[in-house]
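Here is what each chain is made of, one letter per residue.
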Amino acid sequence: MEDKPITDQLVTSADWEPLVVAFFCNWCTYTAADLAGVSRMGYDHNVRVIRVMCSGRVDPQFVLDAFAHGADGVLIGGCHPGDCHYVEGNYKTLRRYHLLKRVLRDLGIEEGRLRLEWIAASEGEKVAKTINEMVEQVRALGPLRLTRRFKEWDAELASHEAEAQSEEVATHA
Amino acid sequence: MPDKPKVAFYWCASCGGCEESIVDLAEDILEVAQAVDIVFWPVALDFKRKDVEAMPDGSILATMVNGSIRTSEQEEMAHLLRRKSQILIAYGSCAHMGGVPSLANQFSREQILRYVYEEAPTVVNEQKVRPQPRHQYDGTALTLPEFRGLARSLDQVVEVDYYLPGCPPTPKLLKQAVLTLLSGELPPRGTVLAPDVALCDQCPRKETKPTDLQISEFKRPHWTQIDPEKCFLAQGVVCMGPATRSGCEAQCIQGNMPCTGCFGPTSRVRDQGAKILSALASPISAREPEEIEKILSGIPDPVGTFYRYSLAKSLLRAKVTR
Amino acid sequence: MEPPAKYLYYPGCSLKATGVAYEESLLTTLRLLEIPVEELSDWNCCGATAYMSVSEASATLLALRNLALAHQAGTKDVLAPCSACYLTLRKSHELATHYPEAAKDVERFLEQAGLPRPDSVRVRHPLEVLYTDVGIQRLRELTVRRLQGVRMASYYGCQAVRPYGEVDDPHEPVRMDEVLRAVGVETVDYPLKTKCCGGSLTGTIHEVGLRLNYILLKEAQRKGAQAIVTICPLCQFNLDAYQREIRKQTGEPIDMPVLYLTQVIGWALGGGFRELGLHRAISGRKLIEQWFTVKKEAETYV
Amino acid sequence: MSERNGEVRIGVYICHCGVNIAATVDVRAVAEYAATLPGVVVARDYKYMCSDPGQEMIQQDIRDHQLNRVVVAACSPSLHERTFRNAVERAGLNPFFFQMVNIREHDSWVHSDREAATEKAKDLVRAAVMRVYFHKPLERRRVPVNPDVLVVGGGIAGIHAALTVANSGKRVYLVEREPTIGGHMAQFDKTFPTLDCAACILTPKMSAVKEHPNITLWTYSEVVSVDGSVGDYRVVVKRKPRYVREDLCVGCLQCIEACVFKEAKFDDEFNLGLSKRKPIYIPFPQATPKVVVIDPEACIQLRTGKCKKACLEACAERGAIDFEQKETYEEIHVGSIIIATGFQTFDPRRMPQYGYGKYPNVYTTLEVERLVNASGPTGGQVVTRDGRVPESVGIILCVGSRDERTNRWCSRVCCMTSLKLAHLIKEHTGAEVFIFYIDMRAAGKGYEEFYQRVLNEGVHFVRGRVAEITDWAMDPSEEGKLIARVEDTNTGFVRRIPLDMVVLAVGLEPQFDALNVQRLFGIGCSMDGFFLERHPKLAPSPTYTDGIFIAGVCQGPKDIPDSVMQAGYAAAEAIALADTGFFELEPNTAYIIAEECSGCKTCIPLCPYQAITFNEEKKKAFVNEVLCKGCGTCVAACPSGSIKQNLFEDEEIFSEIEGVLAYA
Amino acid sequence: MERQIRYQREANLEWARQFTKQPGGERLLSCIQCGTCSGACPLSIYMDLTPRQVIALVREGFREDALRSKTIWLCASCYACAVECPQKISITDIMYRLKREAIRSNLYPKRFPIPVLAREFCEMVRRRGRNSEFWVVFRMALRSNPFVLFSMARTGWDLWRTGRLSLRKERIRRINDLQFIPAASKEVD
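Residue numbers (the numbering used here), protein chains in the order written: chain A, 18 to 190; chain B, 37 to 358; chain C, 13 to 314; chain D, 1142 to 1805; chain E, 4 to 192.
Please note that a few of the clues may not be correct.
What the hints assert, rightly or not - Simulated DEER-style distance windows between Cβ atoms:
no.: 1; chain 1: A; residue 1: E169; chain 2: D; residue 2: E1725; range: 22 to 30 Å
no.: 2; chain 1: E; residue 1: R20; chain 2: C; residue 2: R297; range: 50 to 58 Å
no.: 3; chain 1: C; residue 1: T262; chain 2: D; residue 2: S1618; range: 14 to 22 Å
no.: 4; chain 1: D; residue 1: V1377; chain 2: A; residue 2: T164; range: 53 to 61 Å
no.: 5; chain 1: E; residue 1: R20; chain 2: D; residue 2: P1702; range: 21 to 29 Å
no.: 6; chain 1: C; residue 1: R297; chain 2: D; residue 2: S1618; range: 50 to 58 Å
no.: 7; chain 1: C; residue 1: R297; chain 2: E; residue 2: F141; range: 22 to 30 Å
no.: 8; chain 1: A; residue 1: E169; chain 2: C; residue 2: G126; range: 36 to 44 Å
Everything labelled a hint here was simulated from the structure, so no lab data went into it. Ideal Cβ positions, reconstructed from N, Cα and C, are used throughout, including at glycine.
Using the sequences provided together with the hints, build the complete structure.
And the structure:
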């Protein structure tokens, strides 16, 4: 139906680069990302990190909002179970993550576009590895870019408005 | 009475319940009818579209539109009424957030049409005939509205001034809204005309919710004997109350059914489903993925449960690949 | 772990020639254990160490064809008794499943030959079958004959335990001793159990190969072993076939039976002398005849 | 919110960080781009934003352009967020009208494509500009600091830290798991490179701990729970029963003499099983406190209740022995904690090729420390387990170090320990000593000189990692010996070296229960399992948990002088914290607007600090900001969006998301 | 006198770089030159270079020195080095890679029987799908040193009389399956 050509068009658009939004907890994963930097562990640049104090702060709305604003993938990084700076914020994240994944699946967003990873402050390498894997996976899945899809969906409205206007012009004439 | 303010009612993709709710004003409707001049109400009064088109732009004080927008005709009417009205009110869950009809956004247009005209068990249609937007019959052109790809809330099609939430809105809220409009003291544009606090605030069972709730099982209402006094969540029954605006007078709760979320989220929330998801998942009493999954399996259709009335207005709006 | 319903037997070249006794004793042992086994149809050479020295891609594909045939036959467990076969098959399987780049090439070539990717197949070794799938307890129960007063050195050679260490620990393997002890055989502490026998060096650089074998035999003797037990046809061949030459060169009286594990186990389970290929030994024939001849008084029924 | 805060005027500053950022990110382009963003009044780039001129530039702009928001794109906020907040504050602006963008650690240092890195920097800056728009003025919170300090672990690091803090007049609780303090150092014979006797320099410090009026010493005790946070930690310590009353025992040791076991027959832990002790024992003569202890696993009375209790008789006068003793719990309140829980040595059974546990004449370095010690099990005689004086000894380095299969790190002390033992063994026995090493690491004051000394003593240095130790002789000269098979990489051939004694220089690794300790105190671990410091160079003792410091080998392998230095550093941090009297916290607490809260109680069980309570009168939830630590879990879970978090408001994060994705 | 010096221009750094990118070669750069491989190797005592030295040559790009060494041919693929290496370097796989390259570049010792055996073996497998131990050894001997056949006669007799010497040349049914071999080796190796 109407969505199919959109996807195809996006997939073939040569300028598409995957974009991953990452929410990293301040104590473990953000620090690990700093360590990856200090250790000059190169990784894919198609990631944008947003710092929160704890992965428990990651409201499922943030994930959906990121997708709605054009992210192709979302990565959440928290401390390993048992290591949470706030005792067990990460368990709450884990539980939400499982439910959120089901909602995403039912709403047509592939499993690989959301990932939760435990990365300790010392695991700079794991930051680089996870980001690379995530970007690659998203690249393989192709563009999600809901911003563009929303526009395509609403194209049927815009055309109507144009039609209505032209009709109106005709009537007045 | 030439100077009575003019009001209009219109329905789009809706079940008719909202129209019913206006009648539910009962004797109060006389008071309303006295205060205003109803210039357009297809369900009750015989006015036609051309009558509306003939009105000067902005001549109607307020129009209340219920139902979501699914067809080209509904779209046109929305635009028309927008133009003719000073105030446009989205009336009821469907106009407010897409409502139940927008759950169809999980399917493509083609899937819906195929099912309705070919696959539904009650349909016999061997030629696979489908209604066409334009059809020549006996030398005459017949037209039908276009069926759009998505169901939309009213404000996804035209600008909306106020929202009266609910499936349907209560007579009390309607009356209050009409009085507010007539008073001329208008709230800021975009206001939802119901209290901006979640349902638990008014819930008669509020006391019975423990402060140390851990959820070890989700039960579906029809599979369980529900204690009529106790908080639904404390019984493991999904209740949307914590993530849903109040103002409904907790009618479902009083009928011993959990809140399903028709009033939509508070003004501080962008996505009602995401919020109830977070609130329900966080206190699950499990730490291992398998256990978590097991508990969550008690919610077999999270989208249908969390977004029952709000899928069109959710952040993702629809199933993104249909 | 639930033992598999059936094993697909991959003989490789040796078990059809110099190592024919291994095949005979293995099949006999499995029969006595009532384990269904079937030879892989139209198997080809695993490529061994030689092919890997010439072309990695071809060697891998060569090995994988066998696994693909097994996959087609719907069997999960491929039994590869020869250590070189075991390792080559196991390694190719890893290359095809763990290296995405290589996997792509593999898939392409297999497709050309009309063969599937053998993802579900597992490569197994007879020692694993005896130790893990059958188990020490069951072997003990099924034992009908005990070789009393015979001390043996269990010798793994290299490729069964290295580099993967799945058949047994690569540093201090113990399973063979446990299996032997389960059927009543006494084993000696043999520190060289995973040292190299020289492989094909006996054929290529003869003196080096001989020297390695001499060390192995000598040390087994020193530790008081009367026989060496192996799980690899090349080890068995090297240790068995060159003892005469070693005697001649060193002047030392070495004449020691070199047996397959399956020969010893098969015997304990009640197998016959010839059906276990015991008549095929070159060295220590006298001892073999003495130990493995059914004499009422020497036999203990359990 | 923007309306509340008036017109928003943002200044954006892009740091070059020398070439650290500028080499990969086109900083000028980023600044030019930032200038086009809504609300941005000035945008500049500068070589070093954190320098004084850089900070002054911001302050000048705040004055000249009436800026009320500042964004700095530079390094990680963990380095300079505080610096810039202070700079902004000095110019009269609330410090929380500031947002930092990490374009160094998260951008220029991890990417090489200049164009992509520049685009990323623009996205991140845009997100910060959009975010800072919503910032609001906040007050820093201060919490009072209890001056008392807890030191966990009584090795040389813990002892030194405890003494330093106590000398500054603060109360110190020193908790040690073993019956005595002293740790590993007490087991050493001599210390490198000066060869002074370990006991001679350690025992005076041990007594000083015991005698210090400000130190409460609890040995045979363990921390079992830790609550609270910086300034006010509530700690529960379990004191295990030693079946001897510490206040009554004077250490006369007559009970040991009297014990019904005439022969010592239980492995002596202090001597690593090289000698035996009785069920009632003292770990070593200078143990502190000098109080005996009864091993309940060995004591007949404690096992069966049927002993004639000769020890009780021997101590009849003092009555110090108490078989009824039970474990007790002490609760203390402290403002800060120093963790110095030390290490364990690598168990060489994990490397069977070296035959430890199989060949009796294979030892660890720690065992040889006891062998060469005059008060050790052999009275200082270096003899093998079969009673021979060795003629050849091989010391193998990097056993359980620099090895992907065991521990990857260099344990730092083994080279010097081995040089020391080579010297001592040669001195004691005159044996030929071989040191098998991969690299000789003798960095330290006087260390290289010591290496030279041992070289000149004729010790053989074979550069190569021994492949195996075997007793399998291939030559008559090898009969009865252990043989090391090794490539001598200096000469390039494989050697077989017969030895009477093999010493394995075992590496240092985290204590077996380091993970429990880490979780108990809420600190981090590095990849290797040692505790994680806040910064590897600039904060090697503070942790990410405020008020908790680490010292000694629990942070990473180090020798005695380094342990002592780090312990002193940790003590100085604890003293400084106590003397300041308060600690400033990030104002990132959660709060609830009462009218918005429906009282649904979703948040209440989610808070790990019990900071949210339900007000029964108002039927609403309330956040106690003193208890809240700002994780934001409740905020994410609040179904009606009524809990908010300072510094991490929903609008702030949403605008950041939209900011990084504006071009998507 | 032969001069023992290497000019840096002789080092093929690109080759070394490529080497570390192949499966098994990834960890080559981690080598700390500890010599555990040589110590563990049962054949290092016969080698002209120890395995450690070969690794060092590869790492530094001295391609010919590495390819010409007898070491790589003496490697019996017993994996003792690989399981002992503290840096988890797959030394055996590196030896295989060097052997392949030596054959391709024609740098292997010509009458050295091991590479001859390897090639004979492959040739037979390519043609028939299976190898026959007897014929491979026989052909190898012919090509490297025919006199060795005399010394093998006794062993051959022993095998013959115990029924262990098979003179059959076997052939698999679907020999066409193996057509990928030349293509694969050309394309991928």
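Consistency of beta-carbon spacing, S1618 of chain D to R297 of chain C, with hint 50 to 58 Å: violated (37 Å)
CB-CB spacing for P1702 of chain D and R20 of chain E relative to the 21 to 29 Å hint: violated (42 Å)
Whether the CB-CB distance between R20 of chain E and R297 of chain C falls inside 50 to 58 Å: holds (57 Å)
Cβ distance range 22 to 30 Å for E169 of chain A and E1725 of chain D, holds or violated: Violated, since E169 of chain A and E1725 of chain D (Cβ atoms, about 51 Å apart) do not stay within the stated range.
Hint check for S1618 of chain D and T262 of chain C - Cβ pair distance inside 14 to 22 Å: holds (19 Å)
Range agreement (Cβ of T164 of chain A with Cβ of V1377 of chain D, hint 53 to 61 Å): About 54 Å separates the Cβ atoms of V1377 of chain D and T164 of chain A, which means 53 to 61 Å holds.
Satisfaction of the hinted span 36 to 44 Å by the C-beta atoms belonging to E169 of chain A and G126 of chain C: holds (43 Å)
Hint check for F141 of chain E and R297 of chain C - Cβ pair distance inside 22 to 30 Å: At roughly 26 Å between Cβ atoms, F141 of chain E and R297 of chain C fall inside 22 to 30 Å, so the hint holds.
Against the hints set out earlier in the document, violations occur for numbers 1, 5, 6.
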